[in-house]
Structure formats: C-alpha cells, structure tokens
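Student: Listed below are the residues making up each chain.
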Amino acid sequence: MTEWVVETRDLTKRYGNVVAVDRLNLRVAPGEVFGMLGPNGSGKTTTILMLLGLTEPTSGIVRVMGLDPARRPLSVKARVGYIPDQVGFYDDLTARENLIYIAKLNGIPRADAYRRIDEVLERMGLTEVADRPVATYSRGMRQRLGVAEVLLKRPALIIMDEPTLGLDPEAARDFLGIIRDLKAQGITILIASHLLHQVQAVCDRVGLFHRGQMVLEGTVEQLARQVLAGGYRVHVETAGTPSSILEALRRVPDVTKVEQTGPDRYVVEGHRDLRGEVARAVVEVGGYLRSLHLEEPSLDDVYARYFQEVEHGGGS
Amino acid sequence: MAAEVEVRRVREGSPWTGLWAVVTKEMADYLTGVRMQILEALIVLTAAGTVFAAAENLRTTVGQDRFLFLRLFTVQYEPLPAFVGFLAFLVPLIAIALTFDTVNGEFNRRTMSRVLAQPIYRDALLFGKFLAGLFTLALVLMAIWLLVFGLGLVRLGVPPGGEEVARSLWFLLATVFYGGVWMALALLFSVQFRQPATAALSAIAVWLFFAVFWSMIANLLASVLFPMRYGLVQEVLAQSQAALTLARFSPITLYTEIALALLTPSVRAFGLLLPMQLEGWILGAPLPLRQSLLLVWPQLTGLIAITVLLFAVSYISFQRQEIRA
Ligand SMILES: Nc1ncnc2c1ncn2[C@@H]1O[C@H](COP(=O)(O)OP(=O)(O)O)[C@@H](O)[C@H]1O
Ligand SMILES: [Mg+2]
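Line order of the protein sequences matches chains R and Y. Just so we're aligned, residue 517 is where the first sequence starts under this note's numbering, counting upward by one. Just so we're aligned, residue 6 is where the second sequence starts under this note's numbering, counting upward by one.
Only chain Y is shown next, with the shape it has when bound in the complex (with noise of 0.2 Å):
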C-alpha cells in the first residue's frame, strides 16, 4: 500500500503518455525520407538479384525439396551470396542508418526542448524513436518477404508450403529483432553523441569489428586458451567449443545461426559434432518447427536481451541529460 502511494506521487501519470503520437510522427519522417527510398532501393535491388539468381537454380530440383521456398533464402549462386548473407550484412546497416542521429538531430535542431516542454516523458520519446525505427524495418522486410515470395511463385511455379510460411515468418521476426539490437546500438551512440557523425561512425566501427574482426579474433582467442597439445579429439573438441561460445557474443553469429536453423530445417545442431552424438538421429530427417524454434531459442532471447540492455543504458543516459536545446 504505503509502497504504492510512493510510486504514484514519484511519477505522475503513464510514462507513455504521447508514445503513439512520437511513434506516427517519426515512422511518417521515416518512410517518406530520402534515406529510406535509397535503403528501399538497395535492399530491394539485393532481394531481387540473390533470389532471382537462386531460384534460377532452384528451378531443376522442382519437386524434390520438400523446402523449395526456404532454400531461396539459403541458396548461394557465383558470385552472388546467398540472401541469408545479405540481410546479415545489411539489417545493421539499415538499422544504423535509421537512427544514428534521431535524438542528437533534435537537438541539433533544436526541438528537443520544445518537444519535452509538452506533457509527455522522456520514456515516450526515446521508445517511440526505437518503435518506429523497428516497425519501419520491419514494414520494409515484410515487402522484401512478400516480393521474395512472388518471385519464387513466378520463377518456381509452385506454392509454398504451409511449413515454409511459417518458418519464413518466423525468420522474418528474427531479422526484426536483430535490427533491433543494431538500431538500440545506434540510438545510444544519438544519445551520448551530440554530432551524428560521430554517432554513425561509432555504430558502423562496432558493427563492423563483429562482422569482419570478432570470429577471427575468438577463433585467436580460443586456440590460445585452449591450445592442442597431444592432437586429441577432446583438444578439438574444446576448442571449437570455446570458439564457438566467443563468437556467440556477436549479434551477427546469433542470427547467422538462428536463420541456419530456421531456413534448414535438417539442421539439428551447431558447430562441432562427433559421430557418437549423431547416432539415432536420421541424418537428413528435417525437424518439426516446435524443434528447430526450440534449438534457436537460446538466440533469440540472446538478440532480444543485448537490445534490451543497450536500451536501457541510452534510457538512463537520456533521463540524466539536461535539455538545453
């Protein structure tokens, strides 16, 4: 009771007062932004190549996939990567672009002041930023899915499965969460950095160093702490394992595995396996979605918790912040 009378007198009010109006104003500056229409632009010339070049060569194995559509996504056709590798590649970079510079720009503009001088919190501004960052991705990976879709139906001349939708929905939102962690990234760095400049540089330096230096630096790291000295399988095994763990602490790795797992349905683990732990499994027999959800769900709630935690670090960071412009 007495516990309840202190929070309401600390905080008047719902602290999402306003969220929906932040989230409609900066999704519409989003989607008719000059910014979005060259990232729309890129992303769709991207889909279209990779899944065009792939479902060209998917076209003689109608019929004997039973996971034709997914294998759009994963196909890879020289001396294109598969689409898989592109979104990897380029969610971050869209996320980045999307956000680097939403709460500096306010200020740099000078409606900061003014925007928090209206009865909203600051909790309202800064998640409404974030929620129409990620429903903007998210609007422009449905259209990249539904045209990844119609161009397998035309090309392939078969419908998806209702296991296909499903799984490719499924990755769909995994992909949204990982833009999420890009976008948090990104909102801090507009938080603590007043020139968006400075923001953008530090977003894509990090992103940047997990995409091409951390899985070289955990494998380094991995074979200097677990070094082979007799050349046995347990050393292997050790290494790999450690290697492994290291590279899982790159929000590139998580979804990299999250899409192996959800777009090949046969995947049954990661990294290393010995022959021993294969037995009594078919090997080639695809697991149900239950299974394959259940294998990537360490991931994904590892992708929605560095988002969490980078949100909150900007949240506290913004609250702190006098608000002079």
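Only chain R is shown next, with the shape it has when bound in the complex (with noise of 0.2 Å):
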C-alpha cells in the first residue's frame, strides 16, 4: 500500500446522474512524473480534488502516501503541492507576501520561512521581482510563482492542474524544463493535461482519461506499441531513385507498412527503430539516402487512433 505515493481503488465521484470519475484505480510510484492526460471534461480535475480531499468522492479508495485524505488532511496537505488550473494568487500582495501567508499557513518558523522564501523566489527566478503586486505578473510569472509556493513545504509530491495551458510556447517549454528540474530532486509529480504533445515529453508513464475513466496506461511507447499498430514510423528521403526502393523498403523484414509520400518520400512503418535496416536497403539497390529521421510516437496519434477503433470498431 504505501509503496505507492499515490493510488486510488474504483474511486468514483457522481454529480447527480453524471459519472465524472468512474471506477478509476491510479497509481503513481515514487520518483515518476505521470500524465493523466484526456480532454475537457474527462474527470482530471475532479480525480486531483478527491486527492487533496477538495471533494468527497462517491466511493472509493484514495491513499495519498499511504494515507486516507478524508482522514489525515493535514499530514497529507502538509507534504503534497497543489498548482491549481489558472493559478490565483492575491493580486494586491507581492509575490514575497504571498509566500509568506503560504509559509505560515504551513506552521514554518519565521526565521526558516524568509530563508525559503528567498530561496524558491531564487530558483524560481522571481527575485528580481519578487516585490511587485502579483497583478503586474504575466501568465508563465504565475506558474512559476505557484511552483515557487509548493515548494516552501518541501512537498514529496506535487500535482498540476494544466500547467502549460495558456503559456506561450516558449514559457510552456520553460516550465517544462522546470518539471524535470523537480523530478531530478525526486519530487514524484502528477500532472493533468489536456495538451497532450506537451506534457507528454517529461512523463515518464501517462494515463489516458475518457468519460472519467482511465481508458490507457504506460508508456508513451508501450501506448504507441499497443495503439499503433507499428509503433515506430520511420521517414526516409531519397535522390535520383531507382523505382526499386519501394519494393526494397516492403521486403525489410518485420516492417508493417510503407507507404510513398512524395516523389522521393516514404515512411516506413514498424515494431521497432528500423533505421539501419531501412538505409542498408536504399543503399544496397543503388539509390542515394538524402535523410532519415524516427518519428516520435505521438500521444495525439495514440489518443486519436484509439477512440478511431473504440468508436468505429465498437470493442474496447
């Protein structure tokens, strides 16, 4: 049980005859950043606030490190971090005096408390500004901010709710980098996101929520294996073509499919990187290999392909 930071058992949460999260079992194991990932309306949210004990679920199992919410609120709110969707912070205070409010709320002693403070504002790279009114932040300055307070507590876990929705590309790969940055201390971490192809590049395992239920879970490549059929595309570019590529390429052993996308293009599918294989066949009938790439499975093919399936090929 408390191997897991967190884990849920059939944890379902109605609204009258609306099921928003049904019969969910999650689990997170220490040290990993794990995705729910799914659209508008799929359940995340309302799973992070039966975490936190934010709303009380129907029925249902939570242990948050080990530990029920309902029952033991403050010694599970005091190690996990919550960044809420749309961050609030109150906008007539500084960004230190927020802080400090967090700080004792959390019972930190005021000498430790500036200590931290200084230090997050630091890491955070809100030091500069640290004494300007929160409303004179932008959007991504917010983030970084609501990273900023959870990690006053030195959380074992932290949960965002959508944490790059709204950043401009740049600040959402910023606060990607960020989220590695906590992993590499070993703050397990729980994000849910509908942005797939964002968050998808730091988790190690993702969960795919539909109608409340988790529908997928792993990898992104075990998702890619299991959902994709060929896993791996790889794009091959050639020049002064002999017209027996085509046929050299289908005759590589354990390739699924290929498919000519232009004049000199294919794609190559398979269950594995097949790359060398792909060259060593151009090659060996004559032809020129202009580039090579692998195509990174991507969620939002997985996502797409498989409700594709459940919708059209009706099982499951």
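Hints in this document: simulated from the structure, not taken from any laboratory. Some hints could be false.
Cβ pair distances, simulated, as ranges [said to hold, decoys possible]:
#1 Y/Ala46 x R/Arg689: 46 to 52 Å
#2 R/Val731 x Y/Arg115: 25 to 31 Å
#3 R/Ile577 x Y/Ala310: 38 to 44 Å
#4 Y/Arg325 x R/Gln824: 39 to 45 Å
#5 Y/Leu144 x R/Val731: 54 to 60 Å
#6 Y/Ala310 x R/Asp526: 54 to 60 Å
#7 R/Arg727 x Y/Arg325: 23 to 29 Å
Residues from chain Y shown here face chain R by an in silico Cβ test under 7 Å; the list is partial [stated by the list, open to error]:
#8 Gly18
#9 Gly23
#10 Arg114
#11 Arg115
#12 Arg160
#13 Glu168
#14 Ile328
Even for Gly, the Cβ is constructed at its ideal location relative to N, Cα and C.
Since each chain sits alone in its own frame, please combine them into the complex, following the hints.
Tutor: Right, here's the structure in full:
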C-alpha cells in the first residue's frame, strides 16, 4: 500500500447523473512523473480534488502516501503541493507577501520561512520581481510563483492541473524544464493536462482519460506500440531514385507498412526502430540516402487512433 | 474511551491550525484597504459631528448631571440624530461592507483551492475571516470611543467618572456583538453566493428590512393578533407587549435596548409601564451597572445567539462546498 505515492481503488465521483470519475484505479510510483491526459471534462480535475480532500468521493478508496486524505488531511496536505488550473494569487500583495502567508499556514517558523522564500524565489527566477504586486505578473510568472509556493513546504508530491495552459510556447518549454528539474530532485509529480503533445515529453508514464475512466496506461512508447500497430515510423528521403526502392523497403524484415508520400519520400512503419535496415536496403538497390529520421510516437495520434477504433470497431 | 478514539480518527490535529495566520492576513488586508479607509472616514465624521453637537448642548449642564459623558452618546441635537442612532445605522453597513465578499472573493480570485491545499481545516479559514472582521470592527469602534471621550474632555472640561467609563466600555462591547450579527449574515451570503454583488445586495436587503420595515410589521401584526375591542387597559398592554416581543426579533431592537439601558442608567424596564409597576421605585434614580447589565443580559445573549446561529449555517454550508477554484 505505502509503496505507491498515489493509489486509488475504484474511485468514483458522481454529480447527479453525471459520472465525473468512474471506478478509477490510479497508481503513481515514487519519483515518477505521471501524466493524466485527456480532453476537457474527462474527470482529471475531479480526480485531483479527491486526492486532496477538496471534494468527497462518492465511493472508492484514495491513498496519498499511504494516508487517507479524508482522515489525515493535515498530514497529506503538509506533504503535497498543489498548483491548480489557472492558479490565483492575492493580486494586490507582492509575491513575497503571498509566499509569507502560505508559509504561515504551513506553520513554518518565521526565520526559516524567510530563508526558504528567498531560496524558492531565486530558484524560480523571481527574485528581481519578488516585491512587485502579483497583479503585474505574466501568466508564466504566475505559474512559476505557483511552483515557488509549493516548494516552500518541501513536498514529496506535486500535483499540477493544466500547467502549460495559456503559456506561450517558450514559457511552456521553460516550464517543462522546471518539471524535469523537480523530478531530478526526486519529487513525484502528477500532471493533468489536455495538451497531450506538450506534456508527453516530460512524463515517465501517462494515463489516458476518457469520460471519467483511465482507458490506457503506460509509457508513451508502450501506448504507441499497443495502439498504433506499427509504433515506429521512419521517414526516408532519397535522391536519384531507382523505382526499385519501394520494393526494397517492403522486403525489409519486420516492416509492417510502407507508404510513398512524395516523389522521393517514404514512410516505413515497424514494431521497432528500423533505421539501420532501411538505410541498408536503400543503398543496396543503388539509391542515395538523403535523410532518415525516426518519428517519435505522438500521444495525439495514440488518442485519435484509440477512439477511432473504439467507435468504429465497437471493441474496447 | 472508544468515543475518544473515534473522534481522533475522524479529525486529525486541531481545527484551529493556521487560524492566526488567517486572522493576521485578513486584518492586514482590511486595515490597509481603501474600503476600510472610506468607512473610517465616514464613521469618524459622523462621530465627530454628533458628539461635537452634543457636547455644545451639554456644556450648560456641566455639574448637574452625574452621567454627562454618557449623554454624549445619547443626546440628540437637531437636525442630527444621537450618536447611538448613527451607530445602530452605520455598524451594520460597516460589518456588511467588510465581509460580503470575503469567501466568494477567494473563489473569484481562484485562491481558495490553493489556500485549502495547505495543511489547515476550512474551520480555520472561515472562523479566521470572521474574527478578523470582528477585530477590525472592534479596533475602529475603540478608536471612535477614544475620540468621543477626547472630545468630551476638551469640550466639557471635566473628566469622566469610573462608572461612565465602565458603562461605555460595555456599550462598546455590545456594539461589537451587534456588528458580529451583521458580519455573520454577510459571511453567510458570501459563502452562499458566488457573486459578491449578489451577496452584498442580499445582506443590505435584510438590513433594510429590519431597519425600515420590521417595526411597522411588528406593530401591524400585534394589532391584528391583539385587536382593541373594548378599549381596556389589558388590551393596550397585551398589544404593546406583543409588538415589543415581535420587534425583538430584530437585532436592531435588541441593540437599541442594550444601548438605552447601558447609557441611560435610569432606565429600569422596556416597553409600556403601568403606574403600579413604578411603585416603590424612586423614579429617575439611576440603576447600578450590575442591574443595568442584568436588564440587558437577554438582549446581549440574543445578539450572540443570532451570530452563532448564522455562523453555524455558513460553516455547514462551507464544509460541504466543492473547492474547484
Ligand atoms: N459541480 C459539478 N456538477 C456537475 N457536474 C460537474 C461538476 N463539476 C464537474 N462536473 C462534470 O464532471 C466532468 C469532469 O470534469 P473535470 O474533472 O473538471 O474534467 P477535466 O478536468 O478532465 O477537464 C465533466 O463532465 C463536468 O461537466
Ligand atoms: Mg480540468
């Protein structure tokens, strides 16, 4: 039980007739970055609220660091940092004042609190603007202030709801970098997001949510292999092409599909990384190899394909 | 034993963890906010105006009245109402203005979930907000009390007696409790309504109802329930008694009675008095403070009871709310 940082068993939340979370079995291991991914309204936020005791489950069991958030709310909340969707601060207070309030609520002794506040502000690159009212902050700065705030309590687990929503691409990339740093520090991280492609890069494992259920779970690669029959796609570009190249590519062992996408362009799909075999095949039939690259399996594809199958195939 | 274990399992730690952090933060917000400065200016101006007028009026009677300072609060000098009247009117407004957006404001700023994700109970947040409002009100009233006494000293030229200080301090306390009622009401609406404007309007509507309409309704109801058929004294008594009882459902009536008894030591009872009830009383002789306090004890506990009730309703409602912002 205690080996998981987060564990739920048949966790369910109903609002009248709406089932927001449906018999969810979620497990997050220590030190990993877990992504709860899925479209809006798939039950991610509701799950988080139940993990923190901010709303009551209809049924099922929740354990956070082995503790029941309903019974031991103070112990749980002392060790879990939460950055809500569109995190809000007291706009007329400065960043530092906002943090002082949170430090007090956590019962951190004053001298210690000031030291920690300087530390986390520095770490999030907010030292320069620490004494400006939060009203003047950009969305990205607020998000970083949110991280600074949760770091104050030296959390074992950080839960982030839609952390990259509304950030410009650069700020989003920076923020993903911050998440990697936190992971390197050994903090377990749970991210909820509907922006699959942004978040997949930092997640060790992901769970795909659909209508309150976690329909798929695993590493991005596992999901790709499972859902996109040929998980690995190699893009090939050739020059001075003999017409036999297409034939040669088809003969490569383990290839599941070859597609010609342009006069000199091909996409080769397989169950594993086939770049070496593809290169040899092209050269052996006298072709020039211009470029060769492996496409990262994309969660967006996984998601789209999965639900295509669910809907058309009728299976699960 | 078993029950104790059960309780411990249900609730970990103290419900008041973080209470003082909330109280100090909220008080700092109130005291530095523009809203508070406007309210302060308003109340200081009325206090200075009414008390100054009263002092001018009372200068002629220095030496004749044992409770000259108390009269500063109650004497009316046209066209201004007495200072007590102003307080009965203004304190609800201040209390409502301070609290109507305290809970829904956190939701609207999206700070609620962040605050409640800290290791505190909702109890501490709600009670802390209420206490901070009450302390702020007490602080303002204390300042006004000092202002009144200062003005009195300067304009009347005599120091207040010990009993006058004691009585006016009790009055100050009662005023804080009176403010507490309206604060608990505004807090309740601020928990119930997500829109601060709705909460403010609802609280003001309740206040207007009691300030303007309730005494009329009480009289009307009394005359319907106890009609005058034969013009008997008993009928008059029954009707006025009923009207008074009904009127006492309003915190404003309760407060006015408390103020009257505390600041006018000669008041021995409320409502209509019959000549035979006055028998044996030396008319006009002031009651000792203890007796005056006994007289208003039901009203005072009434105010506290309303406050506790309103707070309890807000508390239950807040405990059940989902914190999605
Ligand atoms: N208070 C509520 N009453 C009724 N339905 C709700 C309530 N809150 C959320 N829902 C529903 O629950 C479902 C899950 O919502 P949510 O957990 O916010 O999804 P996500 O965070 O994945 O976008 C949605 O269909 C939403 O409409
Ligand atoms: Mg959400």
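Student: Take the C-beta atom of R/Ile577 and the C-beta atom of Y/Ala310, compute their distance, and say whether it sits inside 38 to 44 Å.
Tutor: holds (42 Å)
Student: When the nearest CB of chain R is found for Y/Arg115, is that gap smaller than 7 Å?
Tutor: holds (3 Å)
Student: For the hint on Y/Arg160, does the least C-beta distance to chain R fall short of 7 Å?
Tutor: violated (40 Å)
Student: Does Y/Gly23 hold up as a contact with chain R if the rule is Cβ-Cβ below 7 Å?
Tutor: Given a least distance of 5 Å, the restraint on Y/Gly23 holds.
Student: Is the distance from the Cβ of Y/Leu144 to the Cβ of R/Val731 consistent with 54 to 60 Å?
Tutor: holds (58 Å)
Student: With a cut-off of 7 Å, does the beta carbon of Y/Glu168 approach a beta carbon of chain R closely enough for the hint to hold?
Tutor: Result: violated, 42 Å to nearest chain R Cβ.
Student: Taking 25 to 31 Å as the stated bounds, is the beta-carbon spacing between R/Val731 and Y/Arg115 within them?
Tutor: holds (30 Å)
Student: Given Y/Gly18 as an interface hint, is the shortest Cβ-Cβ distance to chain R below 7 Å?
Tutor: holds (5 Å)
Student: A closest beta-carbon separation below 7 Å is what the hint needs, so does Y/Ile328 meet it against chain R?
Tutor: holds (4 Å)
Student: May I ask you to test the interface hint for Y/Arg114 with respect to chain R, counting a Cβ-Cβ separation under 7 Å as satisfied?
Tutor: holds (5 Å)
Student: Quick one: are Y/Ala310 and R/Asp526 within 54 to 60 Å, going by C-beta?
Tutor: With a Cβ separation near 45 Å, Y/Ala310 and R/Asp526 fall outside 54 to 60 Å, so the hint is violated.
Student: Mind checking the hinted window 46 to 52 Å against the Cβ distance between Y/Ala46 and R/Arg689?
Tutor: This hint holds: roughly 51 Å between Cβ atoms.
Hint violations for this structure: numbers 6, 12, 13, all remaining hints satisfied.
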